[in-house]
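Number of protein chains: 2
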Amino acid sequence: MPGTALPSTRTLALDLGLHRKTIVAAYETLVSGNWVDNLPRKGFIVSPNLPVLRPQSYHNGRIGAYDADPGFEYEQSDSFPYPLSLPAKDGIIIDDGFPDITLLPSQVMLKEYRHALDHSVLKKISAGWDIEGSSDCRHALCDFLNQTRGIDIKTDNLLITRGAQMAIYIAAALIIKPGDKVIVCEPSYIFANMVFEQLGAELIRVPVDGEGMNTESVEEILKTQRVRLIYIIPHHHHPTTVTMSVARRHHLLRLIRHYQLAVIEDDYDYDFQFQYEPYLPLASGDHEGNIIYIGSLTKVLGAPFRLGYMVAPEKFIHAAATRRMLINLRGDIFTEQVVSNLIRGGELTRLIQKANKVYRQRCHFLADLLDTELGDVLKLTRPNGGMALWLRFNPDLQLTKILEKAAGRGLRIMGSIYAKGNNATYNALRFGFASLNEAGLSKAVNILKTSIHKPK
Amino acid sequence: MPGTALPSTRTLALDLGLHRKTIVAAYETLVSGNWVDNLPRKGFIVSPNLPVLRPQSYHNGRIGAYDADPGFEYEQSDSFPYPLSLPAKDGIIIDDGFPDITLLPSQVMLKEYRHALDHSVLKKISAGWDIEGSSDCRHALCDFLNQTRGIDIKTDNLLITRGAQMAIYIAAALIIKPGDKVIVCEPSYIFANMVFEQLGAELIRVPVDGEGMNTESVEEILKTQRVRLIYIIPHHHHPTTVTMSVARRHHLLRLIRHYQLAVIEDDYDYDFQFQYEPYLPLASGDHEGNIIYIGSLTKVLGAPFRLGYMVAPEKFIHAAATRRMLINLRGDIFTEQVVSNLIRGGELTRLIQKANKVYRQRCHFLADLLDTELGDVLKLTRPNGGMALWLRFNPDLQLTKILEKAAGRGLRIMGSIYAKGNNATYNALRFGFASLNEAGLSKAVNILKTSIHKPK
Chain A
1 MPGTALPSTR
11 TLALDLGLHR
21 KTIVAAYETL
31 VSGNWVDNLP
41 RKGFIVSPNL
51 PVLRPQSYHN
61 GRIGAYDADP
71 GFEYEQSDSF
81 PYPLSLPAKD
91 GIIIDDGFPD
101 ITLLPSQVML
111 KEYRHALDHS
121 VLKKISAGWD
131 IEGSSDCRHA
141 LCDFLNQTRG
151 IDIKTDNLLI
161 TRGAQMAIYI
171 AAALIIKPGD
181 KVIVCEPSYI
191 FANMVFEQLG
201 AELIRVPVDG
211 EGMNTESVEE
221 ILKTQRVRLI
231 YIIPHHHHPT
241 TVTMSVARRH
251 HLLRLIRHYQ
261 LAVIEDDYDY
271 DFQFQYEPYL
281 PLASGDHEGN
291 IIYIGSLTKV
301 LGAPFRLGYM
311 VAPEKFIHAA
321 ATRRMLINLR
331 GDIFTEQVVS
341 NLIRGGELTR
351 LIQKANKVYR
361 QRCHFLADLL
371 DTELGDVLKL
381 TRPNGGMALW
391 LRFNPDLQLT
401 KILEKAAGRG
411 LRIMGSIYAK
421 GNNATYNALR
431 FGFASLNEAG
441 LSKAVNILKT
451 SIHKPK
Chain B
1 MPGTALPSTR
11 TLALDLGLHR
21 KTIVAAYETL
31 VSGNWVDNLP
41 RKGFIVSPNL
51 PVLRPQSYHN
61 GRIGAYDADP
71 GFEYEQSDSF
81 PYPLSLPAKD
91 GIIIDDGFPD
101 ITLLPSQVML
111 KEYRHALDHS
121 VLKKISAGWD
131 IEGSSDCRHA
141 LCDFLNQTRG
151 IDIKTDNLLI
161 TRGAQMAIYI
171 AAALIIKPGD
181 KVIVCEPSYI
191 FANMVFEQLG
201 AELIRVPVDG
211 EGMNTESVEE
221 ILKTQRVRLI
231 YIIPHHHHPT
241 TVTMSVARRH
251 HLLRLIRHYQ
261 LAVIEDDYDY
271 DFQFQYEPYL
281 PLASGDHEGN
291 IIYIGSLTKV
301 LGAPFRLGYM
311 VAPEKFIHAA
321 ATRRMLINLR
331 GDIFTEQVVS
341 NLIRGGELTR
351 LIQKANKVYR
361 QRCHFLADLL
371 DTELGDVLKL
381 TRPNGGMALW
391 LRFNPDLQLT
401 KILEKAAGRG
411 LRIMGSIYAK
421 GNNATYNALR
431 FGFASLNEAG
441 LSKAVNILKT
451 SIHKPK
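These protein sequence lines map, in sequence, to chains A and B.
Its first residue numbered 1, the first sequence is counted upward by one per residue in full-length UniProt numbering.
Its first residue numbered 1, the second sequence is counted upward by one per residue in full-length UniProt numbering.
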């Protein structure tokens with residue numbers, strides 16, 4: 001019984017014929033496990049707070065029935081357009097454009113994690129509550145963005161999010177009302193389209209070509225329709241990797257100012273530039289505060305480290321922070337602590353420089369290899385940065401079947417696939433080149449070639 | 001100019017009258033910084049990919065204008081009912097009920113972080129994409145919940161979220177349509193109320209007393225109105241810390257089955273039980289799959305480590321996972337990796353046992369102290385677990401003014417405050433006792449007493 005007094009160590013030692021030290025040791029073990037309490041002057045008692053709980057149950061023999069569908073109504077989910085989860089088997093994975101984890105400075109990162117795990121640091125970061133993200137992280141990121149993006153923002157213009165996706169979701173949720181019209185490219189980033197449609201928007205799709213989004217089409221639409229939001233990826237468009245031309249950028253900026261349009265600029269892989277004179281984000285231009293600029297450090301640090309951000313006028317950031325609170329309450333202050341130190345110490349910049357060098361080589365290596373080995377069945381345009389190639393296969397090739405064969409041979413495509421069964425308009429896919437070394441890329445191309453030319 | 005050849009080390013050494021090794025070292029520094037490339041047979045050239053970018057600008061002299069309000073329309077945020085962000089000064093912080101960070105097993109956690117930072121582990125966890133949360137973490141958490149909650153769920157019944165707040169948001173978003181009626185207690189957890197209202201729900205408030213939510217009132221409402229959702233916190237109600245009685249639990253379960261009601265059971269601090277026979281969650285009863293059970297490890301691990309979960313029928317979890325993807329794309333697979341190892345190794349259970357012992361003592365210490373020192377101006381009921389006391393001040397006390405005075409004396413209340421200016425119906429606040437030791441609690445009560453009795 002909880003609370004019952006136990007015999008003294010002396011008594012029990014005599015009773016059992018054991019040395020008293022043995023009994024003391026046994027009691028100490030029970031005390032450390034919370035089974036027994038050692039009270040001053042009272043001695044050992046059975047703990048009133050036993051670590052094994054005897055919970056009070058009130059069900060009728062049927063335990064937590066979760067096998068059934070619930071009896072209430074809810075919004076069911078649509079089936080997802082392409083597979084996300086793969087069996088954890090051996091083989092080569094082609095991703096949508098993700099960094100090479102082995103470039104990460106593990107020792108430096110471990111140092112920062114060790115520092116962040118210090119009780120005093122944990123207490124310090126827990127004490128405050130900045131609904132836009134921790135102050136340290138916003139300051140560090142603000143400096144980093146001002147130095148690299150040609151913008152001149154203050155921390156009040158910055159919200160930290162769990163990856164760029166949360167920033168897209170929150171920005172769109174503040175702007176879109178059911179029935180609103182949203183202009184997107186065709187094709188465009190599928191997870192952004194899904195957000196807009198989930199919020200009740202009607203998508204108006206405009207073509208994207210070698211110069212990026214067709215802004216003439218945008219202007220035609222704006223002349224006759226009330227558009228609530230435009231979603232653009234001008235740097236390396238997703239999925240096609242094309243960079244928007246200067247002329248189109250100027251045109252779009254004029255339209256934004258004239259119509260006071262809300263614009264989400266998704267700049268997911270700006271940090272990966274293979275050329276000497278890259279384009280600055282559209283957000284660095286004259287948009288009168290109408291461009292909500294969104295990015296992520298996940299493309300630098302990898303999928304395990306999701307930290308995104310939103311840049312916008314202060315009042316919009318405040319509204320977004322309040323909405324973020326409803327979704328996420330507090331941010332990931334632990335990761336924010338680590339990341340702000342990685343930025344401050346210059347480690348993030350060094351990683352980006354190192355990665356750019358490696359990825360540029362891999363990009364050209366893969367493009368050369370594909371031109372040589374599969375130039376008869378697919379087309380590609382070399383991007384000026386980023387982490388993926390957009391491969392357009394000849395229309396007579398049955399891409400879905402080829403990829404099934406490739407999967408059987410150990411090559412799994414996790415990147416965006418636009419093929420029959422998924423999206424019949426294209427016969428194309430994104431082939432991430434950053435995460436594999438040259439041997440891996442060669443092997444992947446070889447399997448792909450075999451799967452195309454030996455259809456068995 | 002990028003690409004320009006540099007003089008050979010020999011030539012430059014002769015020209016400058018320096019040792020060749022000095023020149024080689026200087027060149028190597030330039031190469032490691034990406035300023036110079038060392039090409040086989042060609043020698044050193046200015047890198048074609050200089051680390052300083054010369055970005056192509058296309059703005060008209062006005063750089064990224066983010067000082068202004070945007071020109072487009074968006075949903076502004078309401079002002080928040082109580083202050084969240086405090087100046088980082090010295091002083092004692094009374095939180096809403098948060099763990100004592102110094103109880104965390106830092107060395108064990110560091111070991112797990114070191115393991116997770118290993119390139120091979122990072123590669124492994126990055127390769128898959130489980131939209132409900134990583135498989136390892138769901139398995140570990142599923143076992144932990146089955147062992148502690150009296151439920152019998154499978155991993156398919158489990159979704160990992162970024163804290164309990166995201167689980168509440170997603171569950172509510174799948175269920176509530178604008179105009180729907182939602183039953184909540186009065187008072188209830190403010191961030192849940194805000195979610196329901198943001199989704200367009202009409203809140204129907206029912207009283208909560210010493211036995212928890214008044215289920216008779218609930219039944220009366222159900223007889224005449226179509227209710228979409230009930231939100232309950234039966235274990236330690238927020239903010240009042242009361243536990244729902246067995247009779248009310250049975251009554252509510254009958255209502256849930258009869259009306260096939262959607263219920264969110266928020267069980268935020270179930271792990272903190274000060275008694276021998278605690279109540280199991282309502283979710284362990286016979287609810288025919290209608291209770292969405294939500295919890296968090298943040299109350300165990302602290303604010304820096306946010307990991308929540310949702311338990312529901314498999315089809316609902318699938319819909320919730322798809323919605324989570326739109327908000328968060330991928331989960332926090334890094335933290336999930338660390339946490340699943342902490343669960344598997346028994347570390348989480350040990351921490352909970354240790355914390356329970358400490359928090360129970362602090363709870364009684366604080367309650368005794370408040371009874372003695374401030375029993376004339378406030379009432380409290382000792383909770384049977386949790387991390388906070390609910391202090392009801394005499395109606396004639398001006399709580400807001402007292403707290404201002406206390407703040408001036410170094411005591412800052414970050415917990416929920418229900419006082420004039422915030423919520424006039426109550427004159428009460430939550431006083432978290434878990435994060436402070438007895439010295440800190442004594443000091444806090446002393447400042448509070450001085451602020452009440454010496455109103456200067």
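Hints were generated in silico from the structure; no laboratory data involved.
Any given hint might turn out to be false.
If chains are identical, the list can't say which one is meant, so a pair holds when it fits in one copy or spans any two.
Listed below are the simulated PhoX-like cross-link pairs for lysine-lysine, each with C-alpha atoms no more than 25 Å apart in a straight line [as the list claims (entries may be wrong)]:
1. Lys42 x Lys449
2. Lys111 x Lys123
3. Lys379 x Lys449
4. Lys443 x Lys405
5. Lys181 x Lys223
6. Lys42 x Lys223
7. Lys357 x Lys443
8. Lys401 x Lys449
9. Lys401 x Lys111
10. Lys449 x Lys405
11. Lys177 x Lys21
12. Lys357 x Lys123
13. Lys443 x Lys124
14. Lys401 x Lys354
15. Lys401 x Lys154
16. Lys124 x Lys111
17. Lys401 x Lys42
18. Lys379 x Lys443
19. Lys42 x Lys354
20. Lys354 x Lys124
21. Lys379 x Lys401
22. Lys154 x Lys357
To see whether the hints hold, each was checked on the structure:
1. Proximity of lysine 42 to lysine 449 under the C-alpha cut-off of 25 Å is found in neither arrangement, the shortest distances being 80 Å within a copy and 34 Å between copies.
2. Taking the shortest Cα distances, lysine 111 and lysine 123 sit within 25 Å of each other both inside one copy (18 Å) and across copies (20 Å).
3. In this assembly of identical chains, the alpha carbons of lysine 379 and lysine 449 lie at most 25 Å apart only when taken from the same copy (14 Å versus 77 Å across copies).
4. Within a single copy, lysine 443 and lysine 405 get their C-alpha atoms as close as 15 Å, which meets the 25 Å cut-off; across copies the closest is 71 Å, which misses it.
5. Proximity of lysine 181 to lysine 223 under the C-alpha cut-off of 25 Å is restricted to the intra-copy arrangement: shortest distance 14 Å within a copy versus 41 Å between copies.
6. For the identical chains of this complex, lysine 42 and lysine 223 are neighbours neither inside a copy (87 Å) nor across copies (57 Å), given an alpha-carbon limit of 25 Å.
7. In the homo-oligomer, the alpha carbons of lysine 357 and lysine 443 lie at most 25 Å apart inside one protomer (22 Å), although the nearest pairing across protomers, at 58 Å, exceeds that limit.
8. Taking CA atoms no more than 25 Å apart as the test, lysine 401 paired with lysine 449 passes inside one copy only; the shortest distance there is 13 Å, against 76 Å between copies.
9. With identical chains, the CA atoms of lysine 401 and lysine 111 are never at most 25 Å apart, being 47 Å at best within one copy and 45 Å at best between copies.
10. Proximity of lysine 449 and lysine 405 under a CA criterion of 25 Å is satisfied intra-copy only: 11 Å inside one chain copy versus 76 Å between copies.
11. With identical chains, the CA atoms of lysine 177 and lysine 21 are never at most 25 Å apart, being 74 Å at best within one copy and 68 Å at best between copies.
12. Proximity of lysine 357 and lysine 123 under a CA criterion of 25 Å is satisfied inter-copy only: 21 Å between copies versus 39 Å inside one chain copy.
13. With identical chains, the CA atoms of lysine 443 and lysine 124 are at most 25 Å apart between copies only, with a shortest distance of 20 Å across copies and 49 Å within one.
14. In the homo-oligomer, the alpha carbons of lysine 401 and lysine 354 never lie at most 25 Å apart, since the shortest distance is 37 Å inside one protomer and 57 Å across protomers.
15. Within a single copy, lysine 401 and lysine 154 get their C-alpha atoms no closer than 51 Å, and across copies no closer than 34 Å, so neither meets the 25 Å cut-off.
16. In the homo-oligomer, the alpha carbons of lysine 124 and lysine 111 lie at most 25 Å apart both inside one protomer (18 Å) and across protomers (22 Å), since each shortest distance falls under that limit.
17. Taking the closest pair of Cα atoms, lysine 401 and lysine 42 never come within 25 Å of each other, the shortest separation being 77 Å inside a single copy and 46 Å across copies.
18. Only within a single protomer do lysine 379 and lysine 443 lie at most 25 Å apart by alpha-carbon distance; the minimum there is 19 Å, versus 73 Å between protomers.
19. For the homomeric pair lysine 42 and lysine 354, the shortest alpha-carbon distance between copies (22 Å) is at most 25 Å, but the shortest distance inside one copy (66 Å) is not.
20. In this assembly of identical chains, the alpha carbons of lysine 354 and lysine 124 lie at most 25 Å apart only when taken from different copies (23 Å versus 33 Å within one copy).
21. When the C-alpha separation of lysine 379 and lysine 401 is checked against a cutoff of 25 Å, the pair qualifies only within one copy, where the shortest distance is 19 Å, while the shortest distance between copies is 72 Å.
22. In this assembly of identical chains, the alpha carbons of lysine 154 and lysine 357 never lie at most 25 Å apart, being 31 Å within a copy and 46 Å across copies at closest.
Violated hints, in rising order: 1, 6, 9, 11, 14, 15, 17 and 22; the structure is consistent with all others.
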